[in-house]
Amino acid sequence: MRKTIRILLSAAAGISLLIFFAGCDGNDSDTGNTGNTSNRITQANPNFAGKWELRTDLSTAVDPWRTIRLDIDVDGSVIDIEKTVTTGRRNTTENYRMDTANEENFVPIAVWLDNRHIGAFLPHNSGKTIRADWLDDGQTLKMESSYTLETHQGETPVRAYIEYRLSRGGDRLTMLEIRSSRNRPILHVYERQQ
Amino acid sequence: MKSLFSLSLSLMLISAVSAMAGNNRSYAYAYDPEEFDFPMYSMEIGEGWYIDEDIGEIAMLLSLQGLANKERPQLYYVYPEDWIWKITRSLKAFYENRWGFDFIELSSPEEALETLGHHATGYVVWDKDERLTLMLAFTRAGLDNVLVVDEDNISRAEAIGLEMVEDYRGQFNGMTDAEIFEIAMDRYWERSNKDIAVWQGGFFHSRRMEPAIADYGIFRGAFQTDLSANPEDVEEMILHRRILEELNPRSLIMGWHSYSKDTEGQHVSLTSSYGHIMEGLNSLPNISFNTQIPFTPGFEFRNNHNVEPDEILIPEEKVYISLIQTDSMGIGAWELEGRGEIPYAWQPTGGWSWLSPAAVQYFNESATPNDYFIAGGLSGPGYMYPKPIPEEHFWPLMEKTKARHELLDLRVMEIMDYSEGNRHVGNQDLPEELVDRYYQAFPDVIGFINGYGAARTFDNRDGVPFISYDYYLGLGRPPEEVVADLEELMRLNQKRPYFLLIHVRESQSVGHVASILNTLPDAAEVVPLDIFLKKAGQADTIQRRFLSEDDPVDYNPY
Chain H
1 MRKTIRILLS AAAGISLLIF FAGCDGNDSD TGNTGNTSNR ITQANPNFAG KWELRTDLST
61 AVDPWRTIRL DIDVDGSVID IEKTVTTGRR NTTENYRMDT ANEENFVPIA VWLDNRHIGA
121 FLPHNSGKTI RADWLDDGQT LKMESSYTLE THQGETPVRA YIEYRLSRGG DRLTMLEIRS
181 SRNRPILHVY ERQQ
Chain Z
1 MKSLFSLSLS LMLISAVSAM AGNNRSYAYA YDPEEFDFPM YSMEIGEGWY IDEDIGEIAM
61 LLSLQGLANK ERPQLYYVYP EDWIWKITRS LKAFYENRWG FDFIELSSPE EALETLGHHA
121 TGYVVWDKDE RLTLMLAFTR AGLDNVLVVD EDNISRAEAI GLEMVEDYRG QFNGMTDAEI
181 FEIAMDRYWE RSNKDIAVWQ GGFFHSRRME PAIADYGIFR GAFQTDLSAN PEDVEEMILH
241 RRILEELNPR SLIMGWHSYS KDTEGQHVSL TSSYGHIMEG LNSLPNISFN TQIPFTPGFE
301 FRNNHNVEPD EILIPEEKVY ISLIQTDSMG IGAWELEGRG EIPYAWQPTG GWSWLSPAAV
361 QYFNESATPN DYFIAGGLSG PGYMYPKPIP EEHFWPLMEK TKARHELLDL RVMEIMDYSE
421 GNRHVGNQDL PEELVDRYYQ AFPDVIGFIN GYGAARTFDN RDGVPFISYD YYLGLGRPPE
481 EVVADLEELM RLNQKRPYFL LIHVRESQSV GHVASILNTL PDAAEVVPLD IFLKKAGQAD
541 TIQRRFLSED DPVDYNPY
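Same order as they appear, the protein sequences are chains H and Z. Going by the numbering used here, the first sequence opens with residue 1, and the numbers climb by one from there. Going by the numbering used here, the second sequence opens with residue 1, and the numbers climb by one from there.
Watch out, some of these pointers could steer you wrong.
[Claimed, not checked] Pair by pair, the computed Cβ-Cβ distance ranges are:
id	chain 1	residue 1	chain 2	residue 2	range
1	Z	R89	H	T129	49 to 59 angstroms
2	H	S180	Z	D52	51 to 61 angstroms
3	Z	V553	H	G170	25 to 35 angstroms
[Unchecked claim] Calculated cross-link-like contacts (lysine to aspartate or glutamate; reagent style EDC-like; alpha-carbon spacing at most 16 angstroms):
id	chain 1	residue 1	chain 2	residue 2
4	Z	K495	H	E150
5	Z	K495	H	D57
6	Z	K318	Z	E114
7	Z	K387	Z	D436
8	Z	K92	Z	E335
9	Z	K495	Z	E335
If you are wondering where the hints come from, they were derived from the structure by calculation, not from laboratory data. Glycine residues also receive a C-beta, built at the ideal position from the N, C-alpha and C atoms.
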């Protein structure tokens, strides 16, 4: 019985989040963003630029990594997110270079860092296809990502919906991710580093 | 009856002595168990494992243990509750209950020295300002039967009439590690045992030493060091390679690497590339005592098999989960709550069948029906990585491993390879040619396990699967994220049956893991590993995959 209630609660939470994200997706009356490419905000918000460090105490567990650092550059419609995961003396970096003027961006990635505990890997010479958009007057970066993961049963397509939300004061960056393969959303809270 | 008992003991001894004569390496059963009528001593060993704390006293006691046990097994230490190896108290109770040993408790270092100090011929002083001199002192102790003291313990040594034979204080100031070990090798390497070497690694920039294996190094007359396996440490690597080259083939490397110098992956890769056998850790206690106590008469290791070797089990369309705890049994959850609640596989370190037979017997006799034993080592007869092992060493090493399998009634072989990566980066996979060799070397196993973290080498030949871990259950992973991880795997692997193999990191208790698994969907069934493998062997939902040239490689530089 407890298990059933837990499953129902999880499902309800997931559906609420999806409805919430759907509301944000391309039909935000406050920003006037309709989702039409011609009306898209293409200029990146320069306030995203800078170095950010994960607040692990406010975030979903990121183990086996101990922390995550973001180094973000913006230039016109282009945003570069350099994401470095570290544990002890080990660190690995992946670069997300996205142009919001493009319908899609292909980001080559060698190793899938999003969950190193599970037997899922990116195929060779692959990466993530990402559509990036600015929402909420440029306060939110939305990323819709699709890619393929290899498991021991073969290849499986995966979708991920991601938002990076900048706080009003500009010193906190909150990342929310819903992945089609995962039943729990992921929350990362970053603080700006001087 | 008594004559039968004596005969069996005699045969055991003859076989052990023959083994010793054959390769001059096995000290197991070196003492006649019929003569265990001499006094045996035990003592609580304390805290203070930092160079700048009380390690001087502990180092002295470790050297005393090695020297005293050279004569016969007579000094056993009980380690602190938080020591990484959890079984010193349980094993003492085992010795008392199963062997009838009546240990005499020693209450202080002074009493220990008064009682057993006569086994030392003098003392050597190590320099607290240069911690490597402790390794030199341990080496010297094994070669010349001297007690190891720092300046704070000289008076204790002299109080029992010992005289100084060497004083390292001030001799090595300002020297690099390579320079110090070069001098050590000039002085001691030629006389050191060529069947074994000991690595005394450390933590926290080497401030914390846990040299519990020192007693065994002294017992065997081994060279003790912490030379780096990091290619950037060129000078140390030259000496490190010289030791590995000059050891006898397939020698024993005991202890552990230094975290401040290199990585586990680098160290074991280098050791394996010479075909030597690693047995960890530097913190492993009481081996000079344990190795001399055989199995009790008549004991045979019996595994809890749930299926016959030639039995065929057809899987249903569901998720099968099986759990393995490696990292050696004495470290992990064996002593923690919940064992026996769910099926679990454990890896008794194969080398312990002669390094610590009583521990192996203790594990076996305290097993529940849900405890299943696998693999007498990792990749070979100890801890090794197969990719760097030269093929001329591979086959004799696997013969040795098979002998352990027979002794310990094991039917599952486990492999791990961190030579091109680890659970964070690179790969942990094997090329097809190496998988071929394992199938050839172990025709009687019911399955192979690969990995440490999740890996992706998979095969299935005549119903014998080769399966990599699909999940690494880490120490600090929150339970709700573990459940989400496992559900994610079940969504990514949509065909049924799906075989989800989990590696549980050492100190997660079985009760904790069982409580997590209880929240999974009902369609997932936790099964014993032998049933898991037998059913996987009949499934067509596992894709064959081997290491490919395009897979990521990382030589563990950090």
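Hints versus structure:
1. Z/R89 x H/T129: 49 to 59 angstroms: holds (58 angstroms)
2. H/S180 x Z/D52: 51 to 61 angstroms: The hinted range 51 to 61 angstroms holds for H/S180 and Z/D52, with Cβ atoms some 54 angstroms apart.
3. Z/V553 x H/G170: 25 to 35 angstroms: This hint is violated: roughly 41 angstroms between Cβ atoms.
4. Z/K495 x H/E150: holds (14 angstroms)
5. Z/K495 x H/D57: violated (37 angstroms)
6. Z/K318 x Z/E114: Between Z/K318 and Z/E114 the Cα gap is close to 66 angstroms, so the pair fails against 16 angstroms, i.e. violated.
7. Z/K387 x Z/D436: holds (13 angstroms)
8. Z/K92 x Z/E335: holds (14 angstroms)
9. Z/K495 x Z/E335: Status violated; Cα separation ~37 angstroms.
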